[in-house]
Amino acid sequence: MSPLDAAQLSEVPRLTKPAPQSADVTAALAGAGQLAEILKRTGAARIAVSVGDIQWEVEAAVATTTVVAAAAPAPAAAPEAVAEAAPLGHDLTAPLVGVFYRAPGPGKAPYVEVGDKVETGQQVAIVEAMKMLNEVVADRPGVIGAVYPVDGDVVEFGQPLFRIDPA
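In our numbering, the protein residues as written are 2 to 168.
Keep in mind the hints are simulated off the structure, nothing from the lab. The model shown is predicted, which means the values in this text are computed figures rather than measured ones. Possibly wrong hints are sitting among the right ones.
Below are the EDC-like pairs computed for lysine to aspartate or glutamate, each with C-alpha atoms no more than 16 angstroms apart in a straight line [stated by the list, open to error]: (1) Lys132 with Glu38; (2) Lys109 with Asp152; (3) Lys118 with Asp152; (4) Lys118 with Asp166; (5) Lys118 with Asp140.
So the derived label-pair ranges between C-beta atoms look like this [what the hints assert, rightly or not]: (6) Asp117 with Glu157: 20 to 30 angstroms; (7) Lys118 with Ala49: 34 to 44 angstroms; (8) Glu157 with Pro105: 14 to 24 angstroms; (9) Leu134 with Glu114: 18 to 28 angstroms; (10) Glu136 with Gly116: 13 to 23 angstroms; (11) Pro167 with Pro107: 28 to 38 angstroms; (12) Arg47 with Met133: 11 to 21 angstroms.
Heads up, the beta-carbon is just placed ideally off N, CA and C, and yes, glycines get one too.
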């Protein structure tokens with residue numbers, strides 16, 4: 002979905018009188034407005050949320066580019082060394098679209114740090130969506146091997162948040 006240009010806007014039918022708004026329409030418009038505010042505040046390009054029968058999809062007119070630093074690839078190992086290498090961990094992903102927070106509040110310590118042991122069901126972060134704070138919990142026991150997003154980043158559904166390595 003792309004933003005409408007001036008020519009497309011001129012083709013959009015217009016109502017001569019405003020249509021009456023039900024409580025559902027008012028709630029839907031308020032929700033879309035909140036999503037637009039999240040886009041403006043965070044610089045994200047697009048956000049989509051469904052709650053019951055109401056669906057919101059908001060796209061910014063100008064997308065921003067996020068640059069993520071990646072570690073340099075490791076040098077190729079001898080075949081014997083590959084067999085002895087520890088297995089990589091499991092990625093814990095975002096349960097929904099929203100703003101990622103590592104701590105319960107500003108100035109507070111993060112729920113977990115790299116190297117911390119976690120148990121299944123332990124809270125490790127928060128994802129805020131439409132002013133609702135949603136707990137992110139470990140889905141298996143292990144050790145936090147990596148934290149991918151930066152505190153305050155907008156995350157997408159299914160985006161890796163943490164790597165949980167075997168204990």
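**Asked** Taking 16 angstroms as the top limit, are the C-alpha atoms of Lys118 and Asp166 close enough?
**Response** 9 angstroms, holds
**Item:** Range agreement (Cβ of Gly116 with Cβ of Glu136, hint 13 to 23 angstroms)
**Value:** 22 angstroms, holds
**Message:** Verify the CB-CB distance for Pro167 and Pro107 against the hinted window 28 to 38 angstroms.
**Reply:** Distance hint for Pro167, Pro107 holds at roughly 33 angstroms.
**Message:** Given the hint of 20 to 30 angstroms, is the C-beta distance from Asp117 to Glu157 inside that range or not?
**Reply:** 25 angstroms, holds
**Item:** Distance restraint evaluation - Arg47, Met133, Cβ atoms, bounds 11 to 21 angstroms
**Value:** 20 angstroms, holds
**Message:** Taking 34 to 44 angstroms as the stated bounds, is the beta-carbon spacing between Lys118 and Ala49 within them?
**Reply:** Between Lys118 and Ala49, where Cβ atoms are some 35 angstroms apart, the hint holds.
**Item:** Outcome for the supplied range 18 to 28 angstroms, where the beta carbon pair is Leu134 and Glu114
**Value:** Between Leu134 and Glu114, where Cβ atoms are some 20 angstroms apart, the hint holds.
**Request:** Please work out if Lys118 and Asp152 have their alpha carbons no farther apart than 16 angstroms.
**Result:** Between Lys118 and Asp152 the Cα gap is close to 20 angstroms, so the pair fails against 16 angstroms, i.e. violated.
**Range hint compliance [Cβ, Glu157 to Pro105, 14 to 24 angstroms]** = 23 angstroms, holds
**Prompt:** Going straight from one Cα to the other, do Lys132 and Glu38 come out at no more than 16 angstroms?
**Reply:** 11 angstroms, holds
**Asked** Has the given pair, Lys109 with Asp152, been kept, meaning a C-alpha gap of at most 16 angstroms?
**Response** 12 angstroms, holds
**Request:** Sort out whether Asp140 lies within 16 angstroms of Lys118, counting only the CA atoms.
**Result:** With a Cα-Cα distance of about 13 angstroms, the restraint between Lys118 and Asp140 holds, given a limit of 16 angstroms.
Checked against the numbered hints listed earlier, the structure breaks hint 3 alone; every other hint is satisfied.
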